[in-house]
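Going line by line, the protein sequences match chains A and B. Last residue of the first sequence: 1861 in my numbering, with the numbers rising by one and none dropped. Last residue of the second sequence: 857 in my numbering, with the numbers rising by one and none dropped.
By construction, these hints were calculated from the structure, which means they are not laboratory data. Hints are not guaranteed to be accurate.
Straight-line C-alpha distance at most 30 angstroms; calculated DSBU-like pairs for lysine-lysine [stated by the list, open to error]:
1) A:LYS1527 / B:LYS821
2) B:LYS810 / A:LYS1473
3) B:LYS410 / A:LYS1468
4) A:LYS1527 / B:LYS744
5) B:LYS744 / A:LYS1522
6) B:LYS821 / A:LYS1389
7) B:LYS744 / A:LYS1467
8) A:LYS1522 / B:LYS810
9) A:LYS1773 / A:LYS1467
10) A:LYS1468 / B:LYS744
11) B:LYS821 / A:LYS1473
12) B:LYS810 / A:LYS1467
13) B:LYS810 / B:LYS744
14) A:LYS1389 / B:LYS744
15) A:LYS1467 / A:LYS1737
16) A:LYS1473 / B:LYS409
17) A:LYS1389 / B:LYS409
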Amino acid sequence: MSALIYTLMLFPLIGSLVIFMMPKSRSELFRPIAIFLSIIPFGLCMYLFTNSQSKGSFVNIHTIDWIKSYGISLTFGISGMSLLLLFLTAVLMLLSFLSVSKKYSESKGFIGSILVLHFAVNGVFLSGDLLSLFIFFEALLIPMYFLMGIWGGENRKYATIKFIIYTVFGSVFIFIGTVYAGVISYGTTGRLALDFVTLSTLTFTAEQSRVLFLMFTFGFLIKVPIFPLHTWLPDAHVEAPTAGSILLAGVLLKVGAYGILRVSIPFFTEGFLEFKFLIAVLSVIGIIYGAIVAIAQIDIKRLIAYSSVSHMGFVMLGISAGNYLSLEGAIIQMVNHGLTTGALFMLVGFLYERRHTRRISDFGGIKATMPKYAGIFLFCSFASIGLPGLNGFVGEFMILMGSFATYKVLTGIGAFGVVLAAIYMLWAYQRMFTGEISIQENKELVDLDSKEMISVVPLLVLMLFIGIYPSFIEGYVTQDALLISEIIDIFSGRLN
Amino acid sequence: MSTISEAIGFNLIVIGPTLVLVATALVLLFCTITIETSEFLKKTITFGGILLTIFSVFLKFGLFLTDGISSYFTEKILLDEFSLFGNVLISLILLFNFSPIWNTSNQLKDKTTEAIILALMSASGFMLMVDSESFMMLFIGLEIGSISLYALAGINRGDLLSNEAALKYFLLGSLASCVLVYGVALAYISLSISGFYDTAIAIPYIGAENVPLTTFIGFLFIIVGLLFKVAAAPFQSWAPDVYQGSPTGYVGYMASVAKVASFLVIARLCIVSLRYVMDNFELFFLAVVIISIFVGSFFATVQSDMKRLIAYSGVIQSGFILSGIVSGVNGTSASLFYITAYTIQLIGIFTIFTIISGKLSSDFSIENLSGLFVENKFLTICFSIFMLGLAGIPLTSGFISKFILITNLWSYESYALVVILMLSTVAGFYFYLRPIWVAAIDKPETPVERITLKRSQILSLSALSFATIYFGLLPNSLINISRWVIQNYL
């Protein structure tokens, strides 16, 4: 099992080294090799789905003694939630390699950076202690820096530096929190034991728990992002290249929510109980604010970026409500959002390659020239809105059901986010696809070719699959959600 | 005869590295001024001398294994873990700076070996400084080392900036030396103490509360004199100008060697000599650390000259290192790790600057980096590794050094200090990533030529970047060494 996990984590890194060492003259081979390299992690995830160990809550698989004189070790393990997110990562990596256009696929740096990113993301989801979680969390920034910096849009310098500074500002607090937790653990265990199993046995005082919760959660919330800390996200999404946007929205935003579920809530529960209402309020503000701002956008990529703020607000609402149903919904919604937003960014990327514009008003009536594209876009929009039968409905319904038990008024307000989602997505669809073609260039648009179809259709299949048969994915989040909700129940029972 | 030499503790092995360095410098000087010697021979002599120095450090290590901590030459020279650590580090600094110094000297108008002779002499001085038990030896070593550095800064006589750098360095440096020597005098007249272990014995003997104020002022002056050398704020004002004005090839050496020697002496002073009275200096050190962090972070963000940027980043790093030394014994071991990691990155960065600038230019604007990726990919990758190491990104030695330092500080409950230090790293990400952006991402406006590297340059850059990654992934060896240095004082 440990070999499996290390393969899953290190394979992309080795792959990136292979790519970097290849001669430049064989640039046409980069893409096939990259696709092959990301089929392996995908296959490993599929295999892990059949493994009973990976269905439960977090288990340590392997520990490496790292800094011996301080007693620091790195631990790796897996749980159902991790596996789902690893699967999501593998799918999005594979499809972004499939969809990437020739301009990017012949660049060593681009392919290599994405593979390094894959390594770091896998590291985050597999890490079983605070230190390795932090290391991979921070290591994510290096490939993103180069991806956005070299292959980004016009305003990429501003967006990249904003993204880096925001994230680093948050991760400084995660770092201090890690050190703090380590020192507390040193007092009990005699070594800087930071692995999740040891942490769950430690007892923190109310004061410590509050401080640690704030430190970790602040860092992770920037990454989610929650309402007042979200301003890096639209810039980063718009300026990043298509593959970068897919991975940013699909995977990197999940890292923040994952951290809160994995670290902040289970270990620092007293702090969570104190601040959960604040998080819930901010989430609901985020849901409504993101949706309203999305309505007003004239750039389709920016619109989807703001819709992410709204959707991640739902996830955070579910997490802050903290009961079994809402937590399960939040985890499922994380996967769903990755799939739908990834697909939408991919579609926008296809359109941008054809027309080199993303302004909604530059289109109109292109359903006539691109029927397949329009159909797929509508499908993804419905999934994003939360139409029953598609994946978005499952997650949002569970979140709203669960949260209603805890926060009646807030959830009631948050539910309007679904209505607003219908407005911004369908209105954008209407403006872009329906009606008469008014601009000459749009008459010559070509519909999706087979390569593009292959790269987007698997996402649609997954959306439909989760929408129709949610029990499959639910089976993998049950244990995690149950454990977290039980911890919350125990602590709130003690406090009352 | 033998009894006398035994009585005064005569032992050539203890000052072996210093002697070898001086001898090499003298032979080289002799070759230069008397007989026509080929470039190759001079190079061989120098390189052989440096290798011999490293060998004599090994001999010294053997002596330490048999004798333990002991003093020689009527308690003037000391052999302990700090001095060994300093000897190893200084000789390695010399080894890795040999090629930049030599190549830069070759580009001087009248091809001289002055620079390498000065470098050898200053290394011998700083070695003497870390070896010193008596404060007078400390002063002599510091002066031998510093005066050579003043001359090195001004070696490019035709350049105004270089002259300015030398003059500024000399004037301020002499002032700092005056302060230091005045401190030595005060310590001597108030308590008749003249050495590190002397103090370590005297203070507990008379009791920490009976130590007169004059002694404290004396030690404060000694510390101020040393802090000047490490460019901790508010004693940093010379650093940016000197870095900017001096020929690029020499700055890496100048910056690292003085810092390493002075920090080791400060560490020994804090850990060994002033162990029982460190509380009295805490506020002063805390102020220096915080001012260094603020001044360094604030000025580094607005620099457009790379050498000035590195100078201000050095001010911040000095603050980090100092905070560890002051916090206690474990913190000092973290600081020793930190200073080793930092020195490696510093030398690497200046080696790259030397290659890029290519001539004896003083200014090194951030624009000089543009197009580096086109010029040479290997250089860009090494440069990124060093800069990311300075920023403290995980998987580089910079992260480990920050991590163990912050862990130690937190366990000493210096919470506010930790927050300030960590916030400075956020600013650090801004100004350390900007040069990487210019070097690796920005397209050059004017067409650039490719740079071909010499074998020695590839070798030394590979070694330095490998060390940066290696100590980031497997830091155990260096951590164990840094803990070995302080093991007696735990």
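Can you confirm whether the C-alpha distance between A:LYS1527 and B:LYS744 stays at or below 30 angstroms? Holds: A:LYS1527 and B:LYS744 sit about 27 angstroms apart, inside 30 angstroms.
Pair hint outcome, A:LYS1389 versus B:LYS744 [Cα-Cα no greater than 30 angstroms]: Since the Cα atoms of A:LYS1389 and B:LYS744 sit roughly 13 angstroms apart, the hinted pair holds (cutoff 30 angstroms).
Please verify whether A:LYS1527 and B:LYS821 have alpha carbons no more than 30 angstroms apart. Violated, at roughly 39 angstroms.
Checking one constraint from the list: CA of B:LYS810 to CA of A:LYS1467, max 30 angstroms. Satisfied? holds, 20 angstroms
B:LYS810 and B:LYS744: Cα distance at most 30 angstroms? Holds, at about 14 angstroms.
So if I understand the rule, the pair passes when the alpha-carbon distance is 30 angstroms or less; does A:LYS1468 with B:LYS744 pass? holds, 20 angstroms
Does the structure keep A:LYS1389 and B:LYS409 at a Cα separation of 30 angstroms or less? violated, 42 angstroms
Satisfaction of hint between A:LYS1473 and B:LYS821, Cα-Cα up to 30 angstroms: holds, 26 angstroms
Agreement of A:LYS1773 and A:LYS1467 with the hint, judged by alpha carbon distance not exceeding 30 angstroms: With a Cα-Cα distance of about 51 angstroms, the restraint between A:LYS1773 and A:LYS1467 is violated, given a limit of 30 angstroms.
Under the criterion that the straight-line Cα-Cα distance not exceed 30 angstroms, is the pair B:LYS744, A:LYS1467 satisfied? Satisfied, since the Cα-Cα distance of roughly 23 angstroms is no more than 30 angstroms.
Does B:LYS821 pair with A:LYS1389 here, judged by a C-alpha cut-off of 30 angstroms? holds, 23 angstroms
Hinted pair A:LYS1473 and B:LYS409, Cα distance within 30 angstroms: It is violated: about 44 angstroms lies between the C-alpha atoms, which goes past 30 angstroms.
Taken one by one, the earlier hints fail for this structure at numbers 1, 3, 9, 16, 17, listed in ascending order.
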